[in-house]
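Protein sequence lines correspond, in order, to chains A and B.
Oh and the first sequence: position 354 is 354 in this note's numbering, straight run, nothing missing.
Oh and the second sequence: position 35 is 35 in this note's numbering, straight run, nothing missing.
Take these hints with a grain of salt, some might be off.
[Unchecked claim] Pulled a few chain B residues facing chain A out of the computed Cβ check, cut under 7 Å:
(1) Pro43
(2) Arg109
(3) Gly135
(4) Leu199
(5) Lys238
(6) Ile252
(7) Ala254
(8) Thr261
[To be verified] With a cut-off of at most 20 Å between alpha-carbon atoms, the simulated EDC-like pairs for lysine to aspartate or glutamate come out as follows:
(9) A:Lys5 to A:Glu33
(10) A:Lys5 to B:Glu76
(11) A:Lys189 to A:Glu156
(12) A:Lys5 to A:Asp30
(13) A:Lys189 to A:Glu159
(14) B:Lys189 to B:Asp168
(15) A:Lys189 to A:Asp201
(16) B:Lys189 to B:Asp154
(17) A:Lys189 to A:Asp151
(18) A:Lys5 to B:Glu256
(19) B:Lys5 to A:Asp151
(20) B:Lys5 to A:Glu256
[Said to hold, decoys possible] Label pairs and their in silico Cβ distance ranges:
(21) A:Asp336 to B:Glu156: 55 to 63 Å
(22) A:Trp90 to B:Gly122: 29 to 37 Å
(23) A:Thr292 to B:Glu33: 46 to 54 Å
(24) A:Arg253 to B:Pro226: 48 to 56 Å
(25) B:Gly13 to A:Pro366: 52 to 60 Å
(26) B:Ala62 to A:Ala296: 45 to 53 Å
(27) B:Asp201 to A:Asp187: 39 to 47 Å
For the record, the hints were derived by calculation from the structure and aren't laboratory data.
Even glycine gets a Cβ: it sits at the ideal position worked out from N, Cα and C.
Protein chains: 2
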Amino acid sequence: MFGHKNVARLPRGYPQFFDRGQGAVIWDVDGREYVDMLCSWGPILLGHVDPEVEAAASTAAARGDCLNGPSPVLVELAELLTDTVAHADWAIFSKNGTDATGLAVAVARAETGRGQILMAHGAYHGIAPWSAVPGTPGVLDQEVSSTPRYDYNDIESLERAVDRAGTDLAAIVVTPIRHEVRRDLEDVKPEFATRSRELCDRLGAVLILDEVRCGLRTDPRGSWEPLGIRPDLSAWSKALGNGHPIAALLGIRALEHAATTVSATGSFWLNSAPMAAAVATLTRARQADLLTSMTAAGSAFQQGLRDQASAHGLVVSVSGPATMPFMTFDGDDDFDVARVWAAACAERGVYLHPTHNWFLSAAHSPAIISRVLDATDLAFGRVAAWS
Amino acid sequence: MFGHKNVARLPRGYPQFFDRGQGAVIWDVDGREYVDMLCSWGPILLGHVDPEVEAAASTAAARGDCLNGPSPVLVELAELLTDTVAHADWAIFSKNGTDATGLAVAVARAETGRGQILMAHGAYHGIAPWSAVPGTPGVLDQEVSSTPRYDYNDIESLERAVDRAGTDLAAIVVTPIRHEVRRDLEDVKPEFATRSRELCDRLGAVLILDEVRCGLRTDPRGSWEPLGIRPDLSAWSKALGNGHPIAALLGIRALEHAATTVSATGSFWLNSAPMAAAVATLTRARQADLLTSMTAAGSAFQQGLRDQASAHGLVVSVSGPATMPFMTFDGDDDFDVARVWAAACAERGVYLHPTHNWFLSAAHSPAIISRVLDATDLAFGRVAAWS
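Bound-form chain A, shown alone (with noise of 0.2 Å):
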């Protein structure tokens, strides 16, 4: 069992294997019912086993899902993305969130015929050696040396890793929020959102935007699109196909010669199921109402945590977008107290993470959220006693 799914990374009492999962409930193994707040950590828009979504992945299933080329289907979604996404003129498929990170990064150096990629600090773009941070087991010193780091929301320290890379720079990698693990979820600040594309303007290097863990939580047109901000190249997984493995690069006309020219290619990233997941899930995606009741309900939810922990005594941080909220507790560097509430959480059926941000459903009704902030309200009871 790897990374962050190894539930040895987890407080004690954490499920390891799932039997199920319906709407926003999941069971384990020994029958255990948990409301799920971690959504399989994002694929899960509209709630597990979407009849939709599902009735949509099992029709193309039916007529072959790995055919010797794509279906017709392959179309309809990449329409339906351009369509949908503002900056976008032409998608490629793939599996991985990864696969789509690093088809970008190539994109931009076939582009530009330069290295550097600048990423923020503590930024997680997937798996692949380019991202990686120096000295991880396995990757090779000159495979991360053409990836210098700049501080989030920090215009100083992007201009001065502009400045460092020079005549190199090949692009700017960016999340649309803040939202690395172990720390308060930071929107962007749209003079730092501005600034990285007039750089990238200005130097003729690509704006790559990561929206793999925000995609389609925040806004279906692009992240940064309430901002006026548009990526030349955007990365999307997760939520694309609500569970269905499927991950899409988006890009601008400018760069479609290029990203034909780079190597792209897997035995199962035509696989029309998943593609047919996606347009029913990019179909309700696009209608306001989606976003606008998951917004409520996680506000509700981040309310009420905000409510019960002042109740409590207990000084916390309440942070993100309302369908990707976290909290921290005040001081709690170590993650401990977070440990000790997110167990009597799981206690209570309820899954959420210590140190890693939650996802909300579409299948999270108000109901569910009374539910999940019964369960909280002990733990923070718990932590109130413990601490």
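Following the hints, position chain B against chain A.
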């Protein structure tokens, strides 16, 4: 449309979009029917839309394909793989062949603390930068500087590459047979396989067998098991889930710890439906009669091609395992004749490829092979008239 799935790289008349598949047959969106001699470039081992595989996958999907962690089918699949594949003590699952070969390289580097990965000239191990040819658009020189090449089946060339790598030799990666595009397939020489094992043993390097293309079409215990040569790591994908997106890295006990240290995770890597599909596929692949009947059908096809070519006065080379046949025309260095022949086959309802090896599935019955040979005979006639 990327890479080899872009129909622009095939002769005129090949379809780009497909409507459905069933058994050994596929239909394009214009309703034209083809016998599929590519098996979706390898994944389809039991025939398109195999009832048992699809039932297993849809049963898993109905309970939730993508949950917060794995379902118990992960354990079932891991145990079935380690019970089947002779060298394997553990398994890590992912989505693409590229994921599995990349993880193998990372584990080898993490274990040895060394960098150099020797691979064969012309070999394909996926699209990650480590195995790219220098000069590939979007790939930096330093990303490919630690994968020197040897010549497949050439012991002296392998020894020279090993000498040059010196104390930085992390691994030798090798495909079970030589199966690159645009050339006859070639069995591994037993003495070459033996020497690669000896060199790794003597130098504390890792022997990685890339089974992505051959896996389950030669020997389910491992493609080199008949030679008595076992790798330290093996990468599997393609046929493993009969078209469902799954890949696996298998390894020996001594590399288990290193495998836990590398960066390995993906949003859909633990999805249960492809794992259930893989259990169903592997259960069938372990039954000796599957390979026996596929081999008989493939051998009849290969002999039929030889006989037909001879009758038309054409000199061809038919190569490859019976389950992965290929054919080239004598002196056809640019594959112009192969393109004429393949296009004529496509016109007559047989989908194969002019420059990439073909694949058989369990659905390629004697009746299907007979239908294919009717088309190839007419195609040879066209070549004989044209050349």
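For this structure, which hints from the list above don't hold up?
3, 4, 6, 7, 14, 19, 26 and 27
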